[in-house]
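Residue numbers (the numbering used here): 242 to 591.
For the record, the hints were derived by calculation from the structure and aren't laboratory data.
Some clues are possibly wrong.
[What the hints assert, rightly or not] Simulated pairs of lysine-lysine, DSS-like, Cα-Cα distance not exceeding 30 Å: (1) LYS575 to LYS488; (2) LYS539 to LYS461; (3) LYS575 to LYS352; (4) LYS589 to LYS312; (5) LYS435 to LYS254; (6) LYS449 to LYS459; (7) LYS369 to LYS263; (8) LYS433 to LYS398; (9) LYS433 to LYS246; (10) LYS484 to LYS575; (11) LYS350 to LYS398; (12) LYS484 to LYS531; (13) LYS575 to LYS476; (14) LYS488 to LYS539; (15) LYS459 to LYS256; (16) LYS488 to LYS476; (17) LYS589 to LYS539; (18) LYS589 to LYS476; (19) LYS515 to LYS484; (20) LYS295 to LYS338; (21) LYS462 to LYS435; (22) LYS398 to LYS539; (23) LYS539 to LYS485; (24) LYS263 to LYS350; (25) LYS352 to LYS485; (26) LYS295 to LYS488; (27) LYS247 to LYS449; (28) LYS312 to LYS484; (29) LYS575 to LYS589; (30) LYS452 to LYS402; (31) LYS488 to LYS515; (32) LYS539 to LYS312; (33) LYS312 to LYS263; (34) LYS398 to LYS452; (35) LYS452 to LYS435; (36) LYS477 to LYS589; (37) LYS575 to LYS485; (38) LYS295 to LYS263.
Here the structure is a predicted model, which is why all the values come from computation and not from measurement.
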Amino acid sequence: MTLSKKLGEWYEKEKRDLPWRKSSNPYNIWLSEIILQQTRVAQGLNYYLNFIEKFPDIFSLANADTEEVLKLWQGLGYYSRARNLHETARTIAFNMKGIFPQNYPGLLKLKGIGDYTAAAIASISFGKPVAAIDGNVKRVVSRLFAIEDEVNSTRGKDLIKTFSYEILDVSNPGRHNQAMMELGANICLPSKPKCMECPISQYCLALKENKVAELPLKYKKASPRNRYFTYLIIKKGNRILLKKRDKGDIWEGLYEFPLIENIQETSPSELASKIAGFLNVSDSQLNITKISETVIHKLSHQHISCRFIHLNFPGDFEISAGTGIEITTDEFEKFPVPRLIERYIDNKGL
DNA sequence: GACACGTGGCT
DNA sequence: TAGCCAAGTGT
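Generate the whole structure from the sequences, applying the supplied hints.
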């Protein structure tokens, strides 16, 4: 029996019952693939269900507001996925009559669909013989063939791709690709892989050479940089200020409170005069009601130390252009916000 | 081709 | 705990 046959039979028997596996409809597959990019099934599952419920097809998604899409995406991270999801929904709905491109190169042209996702949709929805190579597959293949090049090096990636196509089951590429990923997710784990339960262990060179624990090799990422945020929760009765984040930094398109960013940790007393300057009022006009403890928020590439400062609107202060928009506290929950802000408000209230 | 881009769970 | 990892893509 061949590797792909063993793998396929194992998959049929052991695969998890996941909602996007109930259909090969490209809309469902596409949506699930975008949600699951760099995201665990456990984390993305509810988002998928919420999206399918609110936007059951490409047209309902295309006709939504981007902000509505971002709100539903809130908390999932990598928000460009949501913006690109919406843009691509509109492209398909309005320029392609709601019909997905049915092959790899066609899919690859769409925003938010790269090598992996194009291959996943082409194989799962349309049966095209293309290898979908994600983090799981890289690990599985690097061990299967005992690849000594770093999997994030050019040569390593080349080898992974070559070997992936070598073992691709062209008679059922969709099943094969999902089986490879399922194996990586449940058996061929990063640490302490369950080689005893692996359906293709007999083909595994790393196991044979006792190298499973060392593979895959990988270059390390740079360590995150530190940032220091101070959010101003400026209240005027039941009204507060909110500001939309710009392009070119984290959380593009999400909302936040007016922000003062410092180069380094700054004490509350130093902050007071910065705030006064920011608001263009004198220190004595400031009516600070509360200063939060420092909240640490870790991103993959940034560590943010953040403080929230609550203050009442200085009496004669007028909002200058660019400071933000004024909303009522009731409206707050309708705006997409970063997890850092969502969590703080959930805990402390507005 | 290297780096930016979130969040949460696991070791 | 600090770092790694997760169904990657865009620039």
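Hints, one by one, checked against the model:
1. LYS575 to LYS488: Holds: LYS575 and LYS488 sit about 21 Å apart, inside 30 Å.
2. LYS539 to LYS461: Status holds; Cα separation ~18 Å.
3. LYS575 to LYS352: 26 Å, holds
4. LYS589 to LYS312: Between LYS589 and LYS312 the Cα gap is close to 21 Å, so the pair holds against 30 Å.
5. LYS435 to LYS254: 17 Å, holds
6. LYS449 to LYS459: Cα-Cα ~21 Å, so holds.
7. LYS369 to LYS263: Judged against 30 Å, a Cα distance of about 19 Å means the pair holds.
8. LYS433 to LYS398: 24 Å, holds
9. LYS433 to LYS246: Roughly 25 Å between the alpha carbons, so the hint for LYS433 and LYS246 holds.
10. LYS484 to LYS575: 14 Å, holds
11. LYS350 to LYS398: 21 Å, holds
12. LYS484 to LYS531: 21 Å, holds
13. LYS575 to LYS476: 18 Å, holds
14. LYS488 to LYS539: Distance of about 20 Å is within 30 Å: holds.
15. LYS459 to LYS256: Roughly 28 Å between the alpha carbons, so the hint for LYS459 and LYS256 holds.
16. LYS488 to LYS476: 27 Å, holds
17. LYS589 to LYS539: 20 Å, holds
18. LYS589 to LYS476: 15 Å, holds
19. LYS515 to LYS484: Since the Cα atoms of LYS515 and LYS484 sit roughly 18 Å apart, the hinted pair holds (cutoff 30 Å).
20. LYS295 to LYS338: With a Cα-Cα distance of about 21 Å, the restraint between LYS295 and LYS338 holds, given a limit of 30 Å.
21. LYS462 to LYS435: 27 Å, holds
22. LYS398 to LYS539: Cα-Cα ~29 Å, so holds.
23. LYS539 to LYS485: Since the Cα atoms of LYS539 and LYS485 sit roughly 21 Å apart, the hinted pair holds (cutoff 30 Å).
24. LYS263 to LYS350: Measuring from Cα to Cα gives roughly 26 Å; hence the hint holds.
25. LYS352 to LYS485: 23 Å, holds
26. LYS295 to LYS488: At roughly 27 Å apart (the allowed maximum being 30 Å), LYS488 and LYS295 satisfy the hint.
27. LYS247 to LYS449: 18 Å, holds
28. LYS312 to LYS484: 15 Å, holds
29. LYS575 to LYS589: 18 Å, holds
30. LYS452 to LYS402: Holds, at roughly 21 Å.
31. LYS488 to LYS515: Holds, at roughly 25 Å.
32. LYS539 to LYS312: 21 Å, holds
33. LYS312 to LYS263: Within the cut-off at roughly 26 Å; holds.
34. LYS398 to LYS452: 19 Å, holds
35. LYS452 to LYS435: 14 Å, holds
36. LYS477 to LYS589: 18 Å, holds
37. LYS575 to LYS485: At roughly 13 Å apart (the allowed maximum being 30 Å), LYS485 and LYS575 satisfy the hint.
38. LYS295 to LYS263: 18 Å, holds
Of the numbered hints stated above, none is contradicted by the structure.
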